[in-house]
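The residues making up each chain are set out below.
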Amino acid sequence: GQNIDQPTEMTATEGAIVQINCTYQTSGFNGLFWYQQHAGEAPTFLSYNVLDGLEEKGRFSSFLSRSKGYSYLLLKELQMKDSASYLCAVDPGLNDYKLSFGAGTTVTVRA
Amino acid sequence: GAGVSQSPSNKVTEKGKDVELRCDPISGHTALYWYRQSLGQGLEFLIYFQGNSAPDKSGLPSDRFSAERTGGSVSTLTIQRTQQEDSAVYLCASSSRRNTIYFGEGSWLTVV
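Protein sequence lines correspond, in order, to chains A and B. The letter at position 99 of the first sequence is residue 122 when you use the numbering used here, and the numbering goes up by one with no holes. The letter at position 46 of the second sequence is residue 53 when you use the numbering used here, and the numbering goes up by one with no holes.
Wrong hints could be hidden among the right ones.
Unchecked claim - Okay, the calculated beta carbon distance ranges per label pair:
1. A:Ala62 x B:Val119: 19 to 25 Å
2. B:Gly66 x A:Phe52: 14 to 20 Å
3. B:Glu75 x A:Gln48: 33 to 39 Å
Stated by the list, open to error - With a Cα cut of at most 30 Å, we get these calculated DSS-like pairs of lysine-lysine:
4. B:Lys64 x B:Lys22
5. B:Lys18 x A:Lys104
6. B:Lys22 x A:Lys91
7. B:Lys24 x B:Lys64
8. B:Lys18 x A:Lys121
9. A:Lys121 x B:Lys64
Said to hold, decoys possible - In silico contact screen, one side only, chain A against chain B (beta carbon under 7 Å); selected entries:
10. Glu64
11. Pro66
12. Tyr71
13. Arg89
14. Gly92
15. Tyr120
16. Phe124
17. Gly125
18. Ala126
I should point out that these hints are in silico values taken from the structure, not numbers from a laboratory. Keep in mind that this is a model prediction, so the values were computed, not measured. Where a beta carbon is used, it is the ideal one built from N, C-alpha and C, also for glycine.
Turn these sequences into a full structure, and let the hints steer you where they fit.
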């Protein structure tokens, strides 16, 4: 089966840094997605990691360790608009296109 | 528009009725997915279409659920004899390559 874990909630202050962890145990692995989802809106693509290491995109960075089954999303210089749910999803690869999602981490940014 | 379009955005239906949810993928995207998101739950895979290949229906929860994709573009998800546990957001997504999948805003279904 597929098991993907991420914390349910996190709270941080505007301007701070927050790290959202995602651990996974899946039958296959090709890559890992991070999505941002504001309440009542579509999930928005943030990143897709295939190789180990850190990938930086502006204020958001994503890290992957395939050997440890671990990823994190790093949000820097937090803004109020970053308050949202963050979803990690495993792409199993090969001919299996069914993404397996974690339950999401709700981040609340406080002034 | 340029994104994935879904309709209706909201649907309230009586238990036992049938519902149809529609998805217009991004033009040119050959892959189309349906997911379901219940309150506080992760996204649950329902069905996947890729070009002219047979769809992967392994996520459909029961035979009351079916989906089709006509002409390799628009897709319709049909739920027959709806039950209260079918209440959820039904999300459609499309992609042209594996590493970028775009979601629509979803159809919010409430069965009363």
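Each hint, compared with the structure:
Hint check: A:Ala62 to B:Val119, Cβ distance near 22 Å, so the stated range 19 to 25 Å holds. Checked against the hint of 14 to 20 Å, the C-beta distance between B:Gly66 and A:Phe52 comes to roughly 19 Å, which is consistent with it. About 34 Å separates the C-beta atoms of B:Glu75 and A:Gln48, a value consistent with the hinted range of 33 to 39 Å. With a CA separation close to 24 Å, the supplied pair B:Lys64 and B:Lys22 stays within the 30 Å bound.
A hinted pair counts as satisfied when its Cα atoms are at most 30 Å apart, and B:Lys18 with A:Lys104 qualifies at roughly 28 Å. Taking the CA atoms of B:Lys22 and A:Lys91, the gap is near 45 Å; set against the 30 Å cutoff, the hint is violated. Distance restraint check for B:Lys24 and B:Lys64: the Cα-Cα separation of roughly 22 Å lies within the 30 Å cut-off, and the hinted pair is therefore satisfied. Taking the CA atoms of B:Lys18 and A:Lys121, the gap is about 26 Å. The hint holds against a cut of 30 Å.
Only pairs whose Cα atoms come within 30 Å are accepted, and A:Lys121 paired with B:Lys64 is accepted, the gap being roughly 10 Å. About 6 Å separates the beta-carbon of A:Glu64 from the nearest beta-carbon of chain B, less than 7 Å, and the hint is met. The beta carbon of A:Pro66 comes within 5 Å of a beta carbon in chain B, closer than 7 Å, and the hint placing it at the interface holds. This hint holds: A:Tyr71 has a C-beta 4 Å from the nearest C-beta of chain B, less than the 7 Å allowed.
Of the supplied interface hints, the one on A:Arg89 is violated, with its beta-carbon coming no nearer than about 16 Å to a beta-carbon of chain B, more than 7 Å. For A:Gly92, the interface hint is violated, since its Cβ never comes within 7 Å of a Cβ in chain B; the closest pair sits about 17 Å apart. With 7 Å as the threshold, the beta carbon of A:Tyr120 comes within range of chain B, its nearest partner Cβ sitting at about 5 Å, so the hint holds. With 7 Å as the threshold, the beta carbon of A:Phe124 comes within range of chain B, its nearest partner Cβ sitting at about 4 Å, so the hint holds.
Interface hint status for A:Gly125: upheld, as the beta-carbon distance to the closest one in chain B is roughly 5 Å, under 7 Å. Interface hint status for A:Ala126: upheld, as the beta-carbon distance to the closest one in chain B is roughly 4 Å, under 7 Å.
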